[in-house]
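Protein chains in written order, with the numbering used here: chain A, 45 to 354; chain B, 45 to 354.
Mixed in with the good hints, there may be bad ones.
Examples of chain A residues toward chain B, derived with CB under 7 Å [as the list claims (entries may be wrong)]: (1) Met175; (2) Ala180; (3) Asn323; (4) Ser325.
With a Cα cut of at most 25 Å, we get these calculated DSS-like pairs of lysine-lysine [said to hold, decoys possible]: (5) A:Lys231 - B:Lys226; (6) A:Lys227 - B:Lys231; (7) A:Lys275 - B:Lys227; (8) A:Lys227 - B:Lys140; (9) B:Lys227 - B:Lys270; (10) A:Lys89 - B:Lys58; (11) B:Lys227 - A:Lys140; (12) A:Lys83 - B:Lys168; (13) B:Lys89 - A:Lys139; (14) A:Lys168 - B:Lys275; (15) A:Lys226 - A:Lys200; (16) A:Lys89 - B:Lys140; (17) B:Lys270 - B:Lys140; (18) B:Lys168 - A:Lys275; (19) A:Lys89 - B:Lys231; (20) B:Lys331 - A:Lys227; (21) B:Lys227 - B:Lys168; (22) A:Lys226 - B:Lys275; (23) A:Lys168 - A:Lys231; (24) A:Lys168 - B:Lys141; (25) B:Lys168 - A:Lys226; (26) B:Lys89 - A:Lys231; (27) B:Lys58 - A:Lys133; (28) B:Lys53 - A:Lys89; (29) B:Lys275 - A:Lys227; (30) B:Lys294 - B:Lys58; (31) A:Lys226 - B:Lys231; (32) A:Lys133 - B:Lys294; (33) A:Lys140 - A:Lys53; (34) B:Lys294 - A:Lys231; (35) B:Lys89 - B:Lys133; (36) B:Lys331 - A:Lys226; (37) A:Lys133 - B:Lys133; (38) B:Lys53 - B:Lys168; (39) B:Lys168 - A:Lys168; (40) A:Lys89 - B:Lys168.
The hints are simulated quantities; they were obtained by calculation from the structure and are not laboratory data.
This one's a predicted model, so the numbers in the text were calculated from it and none came from an experiment.
We put the beta carbon where it would ideally sit given N, CA and C, even for glycine.
Protein chains: 2
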Amino acid sequence: MSMDKLIEKVVLTKNPTVAGLDPKLEYVPEFIKQRALDKYGNTLKAAAKALLEFNKGLIDELYDIVPAIKPQCAYYEMYGWQGVKTLYKTIEYAKKKGMYVITDGKRNDIGTTMEAYATGHLGKTNVNGNMLHGFAGDCLTVNGYLGTDGIAPLIKVCDKYDKGIFVLVKTSNPSSGELQDKKIDGKTVYEMMGEMCETWGEQLPGKYGYSGVGAVVGATYPEQLKELREKMPHTFFLVPGYGAQGGAAKDVSYAFDKKGLGAIVNSSRGIMCAYQKENCSEEDYAKAARREAIRMRDDIVGAIAQIHLK
Amino acid sequence: MSMDKLIEKVVLTKNPTVAGLDPKLEYVPEFIKQRALDKYGNTLKAAAKALLEFNKGLIDELYDIVPAIKPQCAYYEMYGWQGVKTLYKTIEYAKKKGMYVITDGKRNDIGTTMEAYATGHLGKTNVNGNMLHGFAGDCLTVNGYLGTDGIAPLIKVCDKYDKGIFVLVKTSNPSSGELQDKKIDGKTVYEMMGEMCETWGEQLPGKYGYSGVGAVVGATYPEQLKELREKMPHTFFLVPGYGAQGGAAKDVSYAFDKKGLGAIVNSSRGIMCAYQKENCSEEDYAKAARREAIRMRDDIVGAIAQIHLK
């Protein structure tokens, strides 16, 4: 199943991190932004074109050292259908460069509606016999609040097209505990959701021990990361919250197994806006992203090695 | 707040129902579909154009008797960015006809990312000082699994632009109970989510007693509808599951208050595909939808009257 492809890319690049592409116009260097505004005016089209050029520049500098990108749908929808076109083109470009693509949409619904999401993001849509990609991601983040009816249609599509999903289990935000930490018969909601992931995953077994049903577990809760890593041995983790949100390399290292696999750690603004933090020339934004991606990789790989040397 | 506008439209049309626009190419009459395929080939563009024409035809026949439409994002994303362009144009067209628009996206995320969704679907996006609608819906369905961090950014945008949200509380599907019916300190998860809606809603009070934070409660669980109507006196309900999913008019009538307000009931396939059920001419698809919308209205209004005459 699809998580195998991700694991193989992680091993190949020796890098268990993913670059979050959550572009806002304010993150885009002036020279790119101004060119688009000059050409298309103060329009959503101009914004969308600027974001695409920004993303392509980043991908060009990242594709050989970072295994995956994770575009966050919200930042594309913010710029209307024109922004969503940029999402499509970003995915297409990253795939051509050989990257694995995790579409971060946290989609959720039931029955035929969830089937439509699965088809649009992971499968192929039938137009009069022509099978076409809506969006060609390898993996989609989803929300399991609706239960199995919301996940079953995804499993079918993942099985058919060799794709995967990441289900929200324990999110990285401060108020995640309002519901997720509450106890049901002695078990937290996130534990229960984790168990459901293990069960759903049985239908999509992978050759490295991890199923096609992964889980989102935040870097900001290292205790829970450690706990869930033990309780969810077949579930690959997508770990947000490193850097900007406060998660350190030591915190995220608990997400990994003894082989140093089992998780991928995301950084979005840290990588996209590295040029602002470095205070280097704007023309150098993509190279600054590359430097930060390397720093992050070494930081996390080092922390994993430390834990398993103990 | 925005639920006021919806309530006023419900009162004006004497119709507490919403037409779900969840168009798949297979629902579109041959004469519309073939025209688009002839012109644009077997492409996503052709599909998107056909869906738009289908939707416009439905809106033309519904706008004077039905207060709102509810386009389901999944069916548009299934047709790629071209489909999402049709979502934009459908919303624009319905708004021009004076309809209230509930964008059914069940979006969820945190912080700046949730802000991006809120901006894109309910607010306005800043492109070099030009404030533009990504998608111009009046209301967005959302998933509260991430807690207050996921809802607070929406409340800010709703307050600023006079918009509303519907939070998933008790969904209409058979497996909704896997998580939602579980008990936390003697309270079900859906009850807890309902209480959070009441709390979040305090920040968006409405002049008819209902806040800008509504709740999704399925027609297929009439007992829970009755229970939640009592426990959530300030929360307007969006009720899916009437018709195709098995909810009857009597079941949904429990969602309403003594004035016959407090809820809006959705039908999607029932209305969109009425012409298939009627077995009338395909050219007559929109008029068949109108007939079904009237039948549904009378069915539900009748059931509400019966309950409150008792």
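So, going through the hints one by one against the coordinates:
no., hint, in the structure
1, Met175, "10 Å, violated"
2, Ala180, "10 Å, violated"
3, Asn323, "22 Å, violated"
4, Ser325, "22 Å, violated"
5, A:Lys231 - B:Lys226, "11 Å, holds"
6, A:Lys227 - B:Lys231, "11 Å, holds"
7, A:Lys275 - B:Lys227, "22 Å, holds"
8, A:Lys227 - B:Lys140, "48 Å, violated"
9, B:Lys227 - B:Lys270, "18 Å, holds"
10, A:Lys89 - B:Lys58, "41 Å, violated"
11, B:Lys227 - A:Lys140, "48 Å, violated"
12, A:Lys83 - B:Lys168, "22 Å, holds"
13, B:Lys89 - A:Lys139, "22 Å, holds"
14, A:Lys168 - B:Lys275, "43 Å, violated"
15, A:Lys226 - A:Lys200, "31 Å, violated"
16, A:Lys89 - B:Lys140, "23 Å, holds"
17, B:Lys270 - B:Lys140, "36 Å, violated"
18, B:Lys168 - A:Lys275, "43 Å, violated"
19, A:Lys89 - B:Lys231, "48 Å, violated"
20, B:Lys331 - A:Lys227, "51 Å, violated"
21, B:Lys227 - B:Lys168, "40 Å, violated"
22, A:Lys226 - B:Lys275, "21 Å, holds"
23, A:Lys168 - A:Lys231, "38 Å, violated"
24, A:Lys168 - B:Lys141, "34 Å, violated"
25, B:Lys168 - A:Lys226, "36 Å, violated"
26, B:Lys89 - A:Lys231, "48 Å, violated"
27, B:Lys58 - A:Lys133, "45 Å, violated"
28, B:Lys53 - A:Lys89, "34 Å, violated"
29, B:Lys275 - A:Lys227, "22 Å, holds"
30, B:Lys294 - B:Lys58, "18 Å, holds"
31, A:Lys226 - B:Lys231, "11 Å, holds"
32, A:Lys133 - B:Lys294, "48 Å, violated"
33, A:Lys140 - A:Lys53, "14 Å, holds"
34, B:Lys294 - A:Lys231, "37 Å, violated"
35, B:Lys89 - B:Lys133, "14 Å, holds"
36, B:Lys331 - A:Lys226, "50 Å, violated"
37, A:Lys133 - B:Lys133, "21 Å, holds"
38, B:Lys53 - B:Lys168, "24 Å, holds"
39, B:Lys168 - A:Lys168, "32 Å, violated"
40, A:Lys89 - B:Lys168, "15 Å, holds"
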